[in-house]
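Generate coordinates for the entire structure from the input sequences, incorporating the hints supplied.
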Amino acid sequence: MTKCELAVSVWPTEPWTRDGFDSVRSMQDDAIVVEGLEKSYGSVRALAGVDFAVRTGSVLGLLGPNGAGKTTVVRILATLLKPDAGTARVAGLDAVRDAARLRARIGLAGQYAAVDENLTGFENLEMVGRLYHMGRAEARQRADELLDRFELTDAAKRPAKTYSGGMRRRLDLAAALVVRPPVLFLDEPTTGLDPRSRLGMWETIERRAAAGTTVLLTTQYLDEADRLADRIVVIDHGAVIAEGTSDELKDRVGGERLEVTLADISQSGIAVEALAAITAGEPPICPENVLSMPMRRDRGGIAEAVRRLDDADVDIEDIAIRRPTLDDVFIALTGRSAEQEEETETREEVAA
Amino acid sequence: MSALALTVSDTLVLARRNLKRIPRQPDLLIAYTVQPVMFVLLFVYVFGGAIQTPGFDYVDFLMPGIICQSIAFGGFVTALGLSEDVQKGLIDRFRSLPMSRAAVLTGRTFSDIVLNCLSLVVLFTVGFIAGFNFQDATVGEIALGIFLLLLLGYAFSWIFALVGLYSSSPETANAIGFTLIFPLTFASSMFVPADSMPDGLRQFAEANPFTTITDALRSLWLDTPPHSDIWMAFVWCIALIAIFAPLAVARYRRVSAR
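In order, the protein sequence lines correspond to chains H and Y. Just so we're aligned, residue 1 is where the first sequence starts under this note's numbering, counting upward by one. Just so we're aligned, residue 1 is where the second sequence starts under this note's numbering, counting upward by one.
If a hint is listed, it holds; no wrong ones were tucked in.
Cross-link-like lysine-lysine pairs, in silico, PhoX-like; alpha carbons within 25 Å at most:
1) K88(Y) <-> K82(H)
2) K20(Y) <-> K161(H)
3) K157(H) <-> K20(Y)
4) K88(Y) <-> K161(H)
5) K88(Y) <-> K157(H)
6) K20(Y) <-> K88(Y)
Hints were generated in silico from the structure; no laboratory data involved. Small disclaimer: the values here were computed from a predicted structure and weren't measured.
This is the structure we're talking about:
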């Protein structure tokens with residue numbers, strides 16, 4: 001499945017649109033409140049004043065390219081790092097001053113799949129339970145429960161180093177859920193997973209969210225934020241550059257677009273001319289053999305476009321209406337693609 | 001539960017975790033059993049004939065030194081384990097849990113004591129087979145020597161804890177341990193008498209705490225007059241713990257993955 005198809009197919013309803021979300025925000029309603037967060041590592045400014053809030057029981061997607069500051073935000077919220085300035089409140093507790101008490105109320109899982117490879121799945125979960133100061137019997141019972149729920153019972157007695165990438169992530173997530181924390185931080189939960197494991201992880205996260213857990217997840221995958229997050233905060237270079245529901249962000253790039261794949265690239269001029277009259281915004285563009293333009297249903301939509309192209313004798317290979325993806329949003333906001341950024345950074349790392 | 005009881009409980013949970021991995025990692029098991037045996041055999045039978053130790057059989061001279069070296073490096077597994085925990089992100093998990101801030105390190109150093117006891121059994125066994133004997137040593141003196149060794153091992157566990165927390169990978173920890181600290185053990189009276197060394201090195205060896213501790217062991221076990229008093233050996237160990245344990249705990253609070 002391509003990213004585009006996936007983005008469309010998982011977007012059937014909008015149950016998360018809440019009236020007046022921003023206007024009736026209060027401390028009780030928000031499980032996470034971040035204000036003016038700043039953090040520098042030496043001369044590198046990782047966070048340059050980040051503000052956002054996450055409503056209790058909702059899923060917030062923190063979206064941005066590598067190095068945008070996502071992980072730094074999570075590390076501060078999970079009490080692993082102290083901010084230089086600003087405040088972070090999680091589950092009603094200050095992430096710096098009440099760090100010790102806060103740790104009993106949060107779960108952290110991430111891209112590292114932090115499990116002890118030499119311990120079995122059961123031993124890993126039992127150890128985490130004991131470190132949350134559960135009694136031995138309780139920790140063991142909880143470990144069995146979680147192994148069962150994460151479909152790891154068969155592998156419970158095997159060292160985690162024999163697990164597949166997907167199994168490790170599930171174990172890592174299970175470890176984060178040992179005490180049923182009201183707030184869950186997931187740092188790039190599916191980075192490096194194969195598509196099937198990724199889908200499984202998504203379903204698991206969705207079940208947690210449905211059970212009322214407040215989830216903050218970071219991701220550089222736009223389809224992931226699209227599918228899982230009620231609201232999305234886009235950060236880049238340590239600052240929030242956009243915030244809203246997936247739909248709100250997409251509306252900022254101008255809604256739906258018509259895309260026509262031409263059979264003959266030499267006909268692009270004729271095609272652009274034929275469709276110019278029914279554009280909903282700027283004129284059609286056709287850089288390669290794919291013509292693209294904003295589109296509104298009330299202008300006759302796809303049928304009208306096909307009729308006009310037919311009248312102009314343009315051969316078309318494919319015609320489709322495409323909802324904008326979050327990648328389009330990212331490009332519109334920053335002038336570059338999220339994936340491009342990543343490649344640039346990799347090259348810089350290699351050069352260094 | 002009080003804070004102290006929680007620290008003890010967390011320490012034991014993590015010490016258990018560290019010990020469980022030993023039989024599952026054959027390379028570690030080999031490090032604790034085969035390696036000390038090989039060192040004893042190499043020194044006694046390969047170098048032993050060429051090294052002059054007036055008044056002693058070489059095996060008697062050597063064993064306190066080689067046991068001292070093995071026990072000091074027993075804590076190296078802590079450097080490897082911690083650097084691996086940092087690299088793999090487990091440290092982040094531990095730091096996000098409502099557990100004692102010191103337990104990850106006290107758990108490590110505590111399990112090292114257990115492993116060092118295992119090492120001692122192996123070393124004494126191979127030493128006796130190679131011909132080592134206590135000379136005019138009371139049970140109390142033998143026990144005090146073993147206590148000194150375990151204290152030395154505990155001090156080095158903290159040094160290696162700090163090494164592990166500053167290393168970005170087990171390979172780095174390995175490099176620091178075996179290129180910086182390991183040679184220090186040779187510039188001492190562990191394997192050859194310091195008197196036989198050239199000027200400069202001899203003075204260094206005489207000031208080296210490894211010399212102080214090895215000589216204290218020889219004094220306890222072989223009834224030799226020590227170069228410095230036995231209590232200095234204990235002072236060295238306690239001083240090392242007093243310096244490196246707080247440094248390691250402070251580093252742990254700030255350490256992060258990557």
